[in-house]
Amino acid sequence: MDSRFRGNDGNGGNGGGPLRGVRVVEMGQLIAIPFAMKLLADMGAQVIRLESTGRLESYRSDSVYRNEIHGEFWNRGANFYEQNRNKLGITLDLGRSEGLELLRRLIAVSDVFAENFTPRVIKNFGLEYSELRRIKPDIIMVSSTGYGFSGPWANFGATGPATEGASGLAYTTGYRGGPPVMAEIPYVDYTAGEHTVFAVMAALMSRLRTGQGQFIDVSQTQAAAATIPEALLDFAANGREPVRIGNADPVMAPHGCYPCAGQDRWIVIAVADDSEWQGLCRVMGRQDWAADRHFSGSLGRWRLREELDAMLAEATAPWDAHRLMAALQAAGVPAGAVLDSKDLLFDPHLRQRGFYEVVRHHPSTGMPPLPYAGRPWKLSETPAVPPEPAPLMGEHNDFVLRELLGLTADEVARLEGEGVIGYAPADPRPVQRPSLDEQVRQGRMLRYETDFPEQVSRAYPPPPES
Amino acid sequence: MTPPALDGVSVLDLTHCVAGPYCTRLLAGFGADVLKIEPPGGERGRRMAPFFRDEPGPDSSLPFAYLNTGKRGMTLNLKTAEGRGILRSLLPEADVLVENFAPRVMPSLGLDYAALREIAPHLVMVSISNFGQTGPYRDYKAADIVEYALGGLMYIFGAYDREPLKHAWNQAQFKAGTDAASATLMALYHQRMTGGRTVGQGQRVDVSIQEAVASGLRDVVNNYTYTGAVRRRQPNHSGDMQRLRATADGYLLPNPGLGSGLNWDSFVEFLGLPELDDDRFRTPSARLVNAEELGRILDEYFIGQNKYDMFYGSHRRRFIFGVIQSPEETLNDPQFAHRDYFVEAEHPVMGRLKFPGVPFSMEATPWQAGNPAPAIGQHNGQVLGRRLGYTAAQQAQLRSQGVI
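If you read the sequences in order, they're chains A and B.
FYI, my numbering numbers position 165 of the first sequence as 165, with every residue one higher than the one before it.
FYI, my numbering numbers position 354 of the second sequence as 354, with every residue one higher than the one before it.
Quick caveat, the hints were computed from the structure, so don't treat them as lab data.
For each residue, glycine too, the CB sits at the ideal point set by N, CA and C.
What you were told as hints is all true, and nothing was included just to trick you.
Label-pair ranges, simulated between beta-carbon atoms:
#1 A:Ala424 <-> B:Ser238: 38 to 48 Å
#2 A:Val251 <-> B:Ala102: 11 to 21 Å
#3 A:Arg209 <-> B:Arg104: 33 to 43 Å
Full structure from sequences and hints, please.
Here's what the structure looks like:
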């Protein structure tokens, strides 16, 4: 049976995950909340993802399998699958009073309500905590916003880069002498999502003891700022403005990213002490460096770090990045090949640990089973549930409305007829991506491989049918 | 009055540096009783820069002070049989043990999970390590930059035509620490659901810093699995609307959020730049063709603007500009101030100092700023004497033998 349906049956047994019995209603978008709720779903919570057919989530309309945007393309979006594994999916038109009422009834039989819209939207729908606790006194509500649910910036919309900027993280990051640099993914959405999982777990622990729910207000900017105490406290205590230093380290040298053989291939090396330095010199075959007294001692190396970086960049250039990593690690030197997307998927270590999990997609998508990133934790006695794909649009309308809310088949049919629920976007507009050749020409992609389906399925064969 | 969220949760904290201490810091911040156990000379994190007034000392590392607030501290030399014996005697009353040694260390001390479980089957043992407890890289050495490289975030970070870059400081370790705190509570939730301390089911939690990075990459691996394409660092087209722009006083992200109900005309009207009211720029494809010209116009415009004026102005019109703030600006930002984010706390060495506060607020069970990070062995007497019943003479002997 689809592991998502087992979420709330309340009978122990193995395979249910530690969060079996916890029901979450998610009104999320993009990453900050969907990513967090995916992690709870992985561990056994029954997460019901609410969608609107009127306002199509952009992750459904972009990056579709093989860039083929015919048919029900909204059920083939990479980022939607990435963020919504193991969830049930329903559609409700919250602009209609009946849709909103159904959501309220669903919240009344749930443990957690999670959302990441602006407070303005949530208040317009009457879904703020003070309202929800009237329909479910012990509900745990979590709101994740760019700058926090209260305060002068509360209703400011935000992107991942914007919160990276507001927190101070972007300001401290960048090449020496250059402008701030931000990640090319909505990095802080993940930082906030990680903290959101912790917050919901803490609230569940509290409720277990006291029977009380509560409101959790996640500011994505605050979450990011909590992870840069070095920069914030250096200013608060010492009045020092951070200087952008690229990949350099305040203490270690050499510490950086150096070129290797091949197109855009790199290795990182971080030397903390003399024995690591000696190991590095040995592997690079440079006993003259090892013997040079200017480079003995961390402080000496740190003072000469720019000279060292230049020397090292020349020495690493002929090496294959993976072979050099193995040689350096064997000599006790912290080093890592800079893995690209294909390297990650085929990385022998991640494969042996089962980090990427193969998910079977719904037959209607025509997509083969594909591997997706798992979680950074393994629990020995209550592991994650077997992975199920993100829901098709409206896939679990029937289950949720009938099994959880007790509607009849006729009532569900009427809701569909009246457009309160649906199974396809009202205005399906796919994002047209340039061809892969064009993306390579523009420099957005390094290359592409046409036999990727075979390569992927060889490395990640589909799991046996359950 | 609701008790703290993690009231009654008892944690033995064997961690050092960043990832482990941030995990237990989050637990302490919501009311867990965290006992930090360090080697007699103090853990390595006490030597992390930057320092208060740039003067290194066991109690003057700024990140250490931040990461260990709200914990009690004792010393134990786990390389001695007595030290290990004392640790074992603390296990029955603990819910959680967190460590972030290299994977070979705990087994070499006879403190692997199988051994701890014998003493305390209800124990949640959390191990945070660079690459996890299994697999071919298990014993590889790492630093934050190595985790960025092997976690896949670095390859797509930085300039198109330069070496890949990482975020400043210790982001990978903070991510893993947060994840470890979440996983700890998942395991603990299960322990409580199965009867709680002494009878509930404990387990082993294996957290990998590499996987903490690799689990938060959005469309990197799935670019390959969905299209066969290998993504790289993006070229920075000067006309890219999402690009960072320099202003008179810093940097701004004038991303208008076009496409989500906002249009070019209102954007142009907001900026007051009639020269952009032109078919050469009205559609995404036209903007791509005329990117260089567009970029030049925008660069020239923004360099004459004040970033906060633009930031507030944009949000009044529901554009979603972002502002790049320095630490000083962050410390003075009215939003953080309204939310009491920075908490002034008294530290025995540093005096009164503003610390970053809670990453999120919980209405019923608020974050607790807690006591300052413990000095080396500060609570030895409290734990050994009051809790375990060692006499003053016995404690003196432990000290002379180098156990504490």
